[in-house]
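Colleague: Chain by chain, the residues run as shown.
2 protein chains.
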Amino acid sequence: MTITITAFERSPDRGRGMARDMRVRWALEEAGLPYQVRLLSFAQMKQPGYLASQPFGQIPAYEEDGLALFESGAIILHIGDRHGGLWPADLHGRARATAWMFAALNTVEPPILEWEMPKYLERNESWYEARMPLLDSRVKQRLSELSHWLGDRDWLEGDFSAGDLLMVTVLRRLTGSGLLELYPNLPPYIARAEQRPAYQRAFADQLAVFNKSEQTA
Amino acid sequence: MTITITAFERSPDRGRGMARDMRVRWALEEAGLPYQVRLLSFAQMKQPGYLASQPFGQIPAYEEDGLALFESGAIILHIGDRHGGLWPADLHGRARATAWMFAALNTVEPPILEWEMPKYLERNESWYEARMPLLDSRVKQRLSELSHWLGDRDWLEGDFSAGDLLMVTVLRRLTGSGLLELYPNLPPYIARAEQRPAYQRAFADQLAVFNKSEQTA
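Here the protein sequences line up with chains R and V, keeping their order. Note that numbering that gives the first Met the number 0 numbers the first sequence so that position 131 is 130, with each residue one more than the last. Note that numbering that gives the first Met the number 0 numbers the second sequence so that position 66 is 65, with each residue one more than the last.
The shape of chain R in the complex, shown without the other chains (with noise of 0.2 Å):
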């Protein structure tokens, strides 16, 4: 079996392990499986040959003895699936974990990628700065909601799972902000998840390619 997936070949995040492959890298290494890189440039995922494999352009997209795969969620759910290693075997353990993997992708994300996309797209328009508090304020929302189930819990359910997997790559966008840290139990639980060492192999290569980029820029 041979896994591929694709990735930024010059990562717009300078390695921080923002970009959506880190989630895929991440829970192949919670199962164990190696796995192999395609890298692309932003012209190359524009290409037909590539929208064929990824309608929207994006990465990461996935290939695997014939089956060709898009968006992360599903990539993962997946793995999940075919090799195990990112949820409980049970029925009901499952779908919970799926449960948080979609809160995290649909529920929490949106808000956040509000928050930040105007960083890029608007930080020049005059509205910029007025409409960061109405940002901020659903970004709290949801950070206080998911703080309050997590209580003193180590993860969103029991054992940690890929709910937990995308969760904090979720979060993790919010690094520096300031709006973490007022919920004094997000940032241990995203530490918790930093030190594990499945995610500190998919951090360390996701970083090892874009040192690489810019050594050959």
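In case anyone wonders, no lab produced these hints; they're calculated from the structure.
No copy labels: a pair is met if it fits in one copy or bridges any two.
In silico PhoX-like cross-links for lysine-lysine, where the CA-CA straight-line distance does not exceed 25 Å: (1) K211 with K45; (2) K139 with K45; (3) K118 with K45; (4) K118 with K139.
Once you've looked at the hints, dock chain V against the given chain R.
Modeller: Chain V in isolation, oriented as in the chain R frame:
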């Protein structure tokens, strides 16, 4: 087996099928499963008892013989895995359907919600009109990519799947905007889905709840 979902006591969309219980009702109808509905006021959705089953105070939550689930994507995934009827039986077909489920919720819906929410939250702000072209362009990018993939297919992958179900509920948010009509294959795609008997039963049932709430108001 008893299935119970939660829904708005009084839907903010006045029964147009935009609330997320519509997605789960439709999936349950496709799978041929009877279910009960527990209606909640906005105040009830934020009470501790409900937050224990839906940590973000949203609808729908789902209960089935001791399994409590939340997030419409995860609920639909569970329905398909446990009861069938929402994607092909083979592993690859299911994986491809889940790719479109996540694409609907994490790639297509976020720019559509970013486009929709200012209509409610920022309509009276000085920047409202000036920002709309930016929001339009982000929606158009995703619609263009989706339209390109769809081409002359009836559904995103061979037969109808939960990927189509979620994608159509996401696209329907743009009804009346004029944006869908820029891509000639998208309105017929939505119409095909709306013509499915399962869709029509689900739509009628959620509309009946709203009509009843109006009568008793």
